[in-house]
Amino acid sequence: MNNPDSTICPASTRLVGRDKDLAFIHSFFSNSEVHGAALLLSGEAGVGKTAVLDAVATGAAHNGVRVLRAAGVQFEADISYAGLNQLLVPLFDDFDVLDPVHRDALRVAVGIGSGPAPDRLLTSTAVLLLLRMTAARTPLLLVVDDLPWLDRATNAVLGFVARRLVGSTIGFLAASREGSESFFESSGLTEHRLEPLDDASSTELLALAHPDVSPAVRRRIAAEARGNPLALVELPVALSAEQRATLAMVPAVLPLSERLQALFASRVAELPARSRELLLLAALDGTGDLASVKAAASGRAEVDDLVPAEQARLVTVSAGNRRLSFRHPLIGSAVVELATATERRRAHRALADVLSGQLERRAWHLGEAATGPDETVAALLEEAARCRLRRGDALGAVAALTRSAGLSPAASDESRRLAVAAYVGVDSGGELEDATRLLAESRLVHPVGHQSLHAATASAFLLINRDGDIDTAYRLLIGAIESAEPEHHYDASDEGLIEALHLLILLCWYGGDPKLWEPMFAFMDRLTPEPPELLRVITQTFGDPARTGAAALPRLTELIATVGDDPTRVIRVGTASVFADRLGDFRGATRRLVEQGRAGTAPVRRHLGALMHLGLDYFHLGRWDDAAQLAAEGLTLCENHDYRFFAWYFQYIQAAVAAVQGDAETSAALTEEIVRWAMPRGTYGARFFACHARALAALGSGDFETAYQHACTLSPPGTVAPYVQIALWGTMDLVEAAIRTGREQEAAAHAAAMRASSMAALSLRLEMLVLACEALTTPGRPGLALFEQALSLPDPERWPFDVARVRLFYGERLRRLRATADSREQLAQALEAFQRLGAKPWVTRTVAELRASGQSTPAAARPGPVALTAQELQIARLAATGLTNKQIAERLFLSHRTIGTHLYQIYPKLGIASRAALRDALSQLDAHDGGQ
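Just so you know, the sequence shown maps onto residues 3 to 934 in our numbering.
Treat the hints as calculated values from the structure; they're not laboratory data. Heads up, some of the hints might be wrong.
As the list claims (entries may be wrong) - Now the in silico label distances, taken between C-beta atoms and shown as ranges:
(1) Gly720 x Asn642: 22 to 30 angstroms
(2) Asp201 x Ala872: 43 to 51 angstroms
(3) Ala763 x Ala413: 29 to 37 angstroms
(4) Ala202 x Arg393: 23 to 31 angstroms
(5) Arg393 x Asp201: 54 to 62 angstroms
(6) Gln926 x Ala763: 34 to 42 angstroms
Beta carbons are placed, not taken as given, at the ideal position from N, Cα and C, and that holds for glycine.
Turn these sequences into a full structure, and let the hints steer you where they fit.
So, in structure tokens, the structure goes:
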């Protein structure tokens, strides 16, 4: 072939996940040193061989190559040269270019001439000559699909031709199903195997083909399809609208569409009945445990009955560990599809009988075998749901509870189980639409059921996520707890009550009003015999940690030591640990939960919580880029699963990172978005987080008055605001801003309030902040000892940004006391930390202090008036006129993010911290250049 355009197929027909395969095929045909080549594609059924052939053929035709096609058809497999007839139909009128002997032989072979059957070699030579003569005018590509189904004579001719293409402008591309027997002689020819799609491509294809299918159902389909494109596209077709939206409604074995049945079921139907029975048991068992299958089939089939299925390449049986596995999961689906309902129920009962010691599996099989209401089975399924929930399988728990509800004889039990399923769905599962449906069904089945605490808790959660209406959700939950007293009696073992109280803690936090906590503590006091340990610790370390947190630390340490891997427990222990700075003590468990969430094996909301906790942990560790990436991941998760309420968590992390890195504009935009969303919904707790990020940004830009105002919103000077947990993190911001704006009394009052609280006992980092603020508010040399004490705490470098700020304060004090050498030492350490962190505004301030101490600035931090590039100078001048990043970007045809990046590279070079100082800095630069 000649060299066609580099694009094999137009963008409009791009195959998802096949870019590398198409690039290989194109390279194979167009870049070979000697033109003329043959390539064989192979792959499992449904992997997309035909689609790849279509794409290659379309691309070749687009580039002026003449394409001849043929495809094997089973009913023509016994008709000699039927495939050759397909391939050469477009060239029938060109047969006359051949000499009479070859022309007549070829006409007879393809059925358009009469005479004795031609010799095979003569026919093969005639085809080769015809193709070469045609290709002399226009390059040719022969595309053959389903090679094994072509007749034997055609296969022989094509095998002959494929080996004699060198030096021609003919390409031969054929595809065959992996493992299929064929008369085509492939030895010596290049083969390329089409692999199943990777996870990312599978996800993309499912989203494109079936955007209406819920993310959880898509993940289930992707797991079953194992990257098979046909399965990815066709499996959702066989699901009902309800099943496409709700994972809990999807059967354990996925049904097959007609196309998939045609692909997989025919091979199963040909097996003996005893073989099919064993395969049915294996498919419904789903574990591959051959011992269970053998026991369930006792008296009706033996393991040796699997031999026909092995010979048909449908299953493999491992002799070592005695496990049976289907070569593709859809073979198991085909087995189930072919069985009658009676056969399926009998198989489920047989499996349940041999699984007496395995609660979850036995309960599930009994549920599938049941033909009507059965309280015994319903109760087993409810217990199985609890087991699944404990190991983090929230969606599996919802499915078990839903089936349990369906088998409940009493309407009240059915309603209660549906309500619990709805609560699990909203609290953990990530299937909010499903939870809404379950809640509605619960109320429909038994109208009184809506008063259950699980139903009320689910309703409150759905309410805040949809409308963010904290006040209404709070009042709904308080009312439900109070009205349900005759049922729960404030029994600390009542699961519904305890779950409601955990959500109530969060609602109090979101509301940001100390008065909201009063009913919470009243409920806690009434719990008998005593509150659960985890719930009690959370109320102390998370409610008002500045006053009650320290007393709970011994119990928190015990909880951390036994945190385990239960996703709900990991997140709740994390909640108890946030403001005690203990997230790092079980960082491994949180990381594992994040990885499980990414793999789709952990509840979505727990995944969100783990991202939030790990992001906060990384922020304090100075791993700001990692924190920002986790926040971006969290925002994507919120969007994909419609957890709109929780987006502000991650926007706060992004805003805080932007603030400390000097990107004040981005930080301001993020905090504005948080506040604009939070205020109408009464989510004042989110506003406090926004104020913390705003105070950091203002400190970085040197706007200490604004920083003071934001810090005071968190906590008035002279008190560590109760039940405003993040006020702990803003204490040093307030004291610094107060001192730098001449409010020494307010600063001193706040430092005293910090000491009077239990902050110093809550964590070493907070103790360092307390000591640093006392040092800042203690004039002259007496304050030096407090600075030393703050920096002498064990392992202070765990919190590099906080420590570097304290060193900057200490160095400033030492310089003012003329302890120049000691000052330079502290400032140099602070500068190194700020540079490593990328805290650009603080780098600039520290550089200024070092210069004031008489020390030359290290080259890496030294501002250089002649270091600006032409583009940087242009951006700086536009910014100095007052234009925003977006306006500058529009003028220079760049992105606003690029402008922001340039500006925060410009600031340290000019020795400034914000765009407000650009005008003066540029004037100095002009004066310097004029004097050169």
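Against the structure, the hints come out as follows:
Between Gly720 and Asn642, the C-beta spacing of about 45 angstroms breaks the proposed range 22 to 30 angstroms. Under the hint 43 to 51 angstroms, the C-beta atoms of Asp201 and Ala872, about 45 angstroms apart, fit the expected range. Separation of Ala763 from Ala413 is about 54 angstroms and departs from the stated range, judged on CB atoms against 29 to 37 angstroms. Under the hint 23 to 31 angstroms, the C-beta atoms of Ala202 and Arg393, about 27 angstroms apart, fit the expected range.
A C-beta distance of roughly 23 angstroms is found between Arg393 and Asp201, which places it outside the suggested range of 54 to 62 angstroms. The hinted range of 34 to 42 angstroms is not satisfied by Gln926 and Ala763, whose Cβ atoms lie roughly 49 angstroms apart.
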